[in-house]
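> Just so you know, the protein sequences line up as chains A and B, in that order. If you read the first sequence in numbering that gives the first Met the number 0, its first letter stands for residue 0, the second for the next number, and so on. If you read the second sequence in numbering that gives the first Met the number 0, its first letter stands for residue 0, the second for the next number, and so on.
Check each hint, because a few of them may be wrong.
Claimed, not checked - 27 Å max Cα-Cα, derived DSS-like pairs, lysine-lysine:
{"#": "1", "chain 1": "A", "residue 1": "K287", "chain 2": "B", "residue 2": "K98"}
{"#": "2", "chain 1": "A", "residue 1": "K96", "chain 2": "B", "residue 2": "K178"}
{"#": "3", "chain 1": "A", "residue 1": "K287", "chain 2": "B", "residue 2": "K202"}
{"#": "4", "chain 1": "B", "residue 1": "K98", "chain 2": "A", "residue 2": "K96"}
{"#": "5", "chain 1": "B", "residue 1": "K293", "chain 2": "A", "residue 2": "K195"}
{"#": "6", "chain 1": "A", "residue 1": "K32", "chain 2": "B", "residue 2": "K98"}
{"#": "7", "chain 1": "B", "residue 1": "K306", "chain 2": "B", "residue 2": "K293"}
{"#": "8", "chain 1": "A", "residue 1": "K287", "chain 2": "B", "residue 2": "K255"}
{"#": "9", "chain 1": "A", "residue 1": "K32", "chain 2": "B", "residue 2": "K303"}
{"#": "10", "chain 1": "B", "residue 1": "K202", "chain 2": "A", "residue 2": "K96"}
{"#": "11", "chain 1": "B", "residue 1": "K178", "chain 2": "B", "residue 2": "K202"}
{"#": "12", "chain 1": "A", "residue 1": "K272", "chain 2": "B", "residue 2": "K98"}
{"#": "13", "chain 1": "A", "residue 1": "K169", "chain 2": "A", "residue 2": "K32"}
{"#": "14", "chain 1": "B", "residue 1": "K293", "chain 2": "B", "residue 2": "K255"}
{"#": "15", "chain 1": "A", "residue 1": "K96", "chain 2": "B", "residue 2": "K293"}
{"#": "16", "chain 1": "A", "residue 1": "K32", "chain 2": "B", "residue 2": "K293"}
{"#": "17", "chain 1": "B", "residue 1": "K293", "chain 2": "A", "residue 2": "K88"}
{"#": "18", "chain 1": "A", "residue 1": "K187", "chain 2": "A", "residue 2": "K171"}
Hints were generated in silico from the structure; no laboratory data involved.
Each chain, letter by letter, is given below.
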Amino acid sequence: MELFFQQLTNGLTIGSIYALIALGYTMVYGVMKLINFAHGDLFTIGAYLGLTLLTALEITKQFGTFIGLITLAAMVCILVAVIGVLLEKIAYQPLRKAPRLSAVVSALGASIFLQNAVMLIYGARVRVYPQNILPSYTLNILELHIPIVRVLIFATSLLLMIVLYLFIQKTKTGVAIRAVSIDHIASKLMGINVNKIIMIVFIIGPALGGSAGLMVGLYYGQVNFIMGWSYGLKAFIAAILGGIGNIPGAMLGGLSLGIIEALGAAYFSIAWKDAIAFFVLIIILIFKPTGILGERVAEKI
Amino acid sequence: MKNKKIIDVLICVALFVSPFFLNMYWTDVLVNVGIYAILSLSLNIILGYCGLFQMGHAAFYAVGAYTAAILNVKYNIPILILMPVAGIFAGIFAFIIAKPIIHLRGDYLLIVTIGIVEIVRIALVNNVFGLTGGANGIFGIDRPNVFGFIVKTPFHFFYLIYFLLSITVLLFSRFENSKFGRALVYIKEDEVAAEGSGINIAKYKTIAFVIGAVWAGMIGAIFASKMTIISPDSFNFWESVILFTIVLIGGSGNIKGVILGSFLIIGLPELFRDFASARMLIFGMAMIAMMIFKSEGIFPPVRKIYKIAIK
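Can you build the whole structure from these sequences, using the hints too?
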C-alpha cells in the first residue's frame, strides 16, 4: 500500500508536467487543427534556457531562492514564448491554406531544426542542473515520504492551469480563443482577429511548455536534447486521452496518464514503461476516440 | 511529351551504368536510396493514393526484417525464399492492427501509428518471446543467394535492389490505373462520395494497408541480409518520419515524385557530409521551406481524365 501511494504522488508530479505540455498541444490543435510536433522541442528549449540562466546569471544567488525561481520561470516563459511565436510566423502561417499534411511535414521539419539547434549549441551529451536549488527536505505524512519538490511542482502546475482556465472561461480573449477553435470564418465575421488569436495561443502554449521543461530540469537534475520527443509524444497522448481541443481535458488527461504510467511501471513492468502510454492511446482510441471529457473540435469522426 | 520520355530513359540508363563509374561508398549510397525508394513506394499506396496518415511504416519494415532474420539464423532458410514469407508476416501484422484503427480520422490515425511503431520497437528491445535478441538485435544473417551467386558487395546489391525497384515501379504503375487504385484515390478525394458509389471504404483502406505492409516486409528481408545484423534502432520512429517526408516532398501519389524524393532525402545529405553536425539543421529548414514554396511536393499527383463509354 505504501508503494501504491508513493507511486501515486510520483505519478501526480509527472502527470502535472504532462498536463502543462498537453495544454500547448491541445490549444494549438484547437485553433489550427495541427499537431505541433515542435512543441516537445520548445519544452526542451525551456529546460536548457533554465540551465543557462541558472549557471550563467546565477539568478537564485542574486535574488534568493524564492524570488530567484520566480524570475527564472518568468524569463524562461517569455523567451520560449518568443521562440513559439517566431515558429508560428515562419513555419505555420504561410501554410494556413495548404493541404493539412504539408503543415504536418513543416512541423516535423521545425522539430528536427530545433532539436539539432539545441544539440549544436549545448552539445549532444547530457547536461546536469546545478544542485541544491530547491529545498531538499521531505514531507512525512502517514509514513509516506514526499519530497517537497513534488509538492511544489504539483502546486505550481495546478496554479498555472487554474489561471489558464479562468483566462479561457472569463476573459474576452478567452472567449475569442474558444470561438476561433470552433470556426475561423465565423469568428472573422464577428470581428475577431484570427491571426492575433493564433499568436496568443502560440504565446501561452510554449510558455507553459517551457515552464514544464524548467520543472523537469529542476526535478530530475539533468537534461538532454532529445528528451522533448518522448515528453511531447506522451503529452499529446494525454491531450487525446482528455479530449483534444478541450482544456480541462488536457489537465485531466495529463494527470491520469502520469498516474497510469507510474502505477504501470511499479506493478506491471518497468521495461515496458515507455510503451504504457501508447497502449493507453490505442485503447482510448478504440473505445472512446473523443477522450474522457469529449473533444471540442467541430468535426465528425 | 516525347522529349520528357527521352530524358526519363536517359536518366534510367545513366543510373544503371553508374556503379561502373562510382566508388564503393557512392554505390552504397545509391543502394540505400533504392531501398528507401521501394519502401516509400509501398508507403505511397497507403499515404499517397488512399490519403491515410500512416506514420508507422517502419513497424511493417521491422516485422519483415525480423521475420527473415529469425528464420534465416534459426533454420538456415535462404533469404530470397524468406522474402515472400517476411511479406506475408508483415501483411498479417498490418491486417491485425488495421482492423480496429482503420476508421480513425486523419490525425488520430497518425498518432496511433506512431504509437504502434514505438510499441514494436520497445517490444523488440524487450526481447519478446526470446526471439528478437533484445537491444543488440540479431547478427549473422546470410547474404542473398541468387541461383548460386552470392550477392555481397554494394555493386551486386545495386543491381539486385534496382531490379526490385523496377519491378515495384512496373507493378505499382499498373496498380495506380487499376480499378482498385482508382478507388483508393476516390476515397482520398471524397470519402462520402466514394462510399455512395458503392466502395466499401473500410475494406479498401485495410487492403491498402496490407499491400503497403507486404511490400515493406519483403524489402525488410533484403535490408536484413544486406546489413547481416539488425537491431531495434534501425526501425525507430524517425525512419517512419523519413519515409513520410519522402512521399510528401516528392509528391504523394506520384511514383516519379516519390523516387525523386528518395534521391533528395537520402542521397543529397550525403553530399554535405562535411557539415556533418549542421546537416540535420539544414534538413529541417529545407523541409519547412519546401512545404511553404511547394506544398504539394515536387511532382504533384497528375489529375487523370478517364474516358467513359456512354451508351
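> Going back to the hint list, which numbers does this structure go against?
2, 4, 7, 8, 9 and 10
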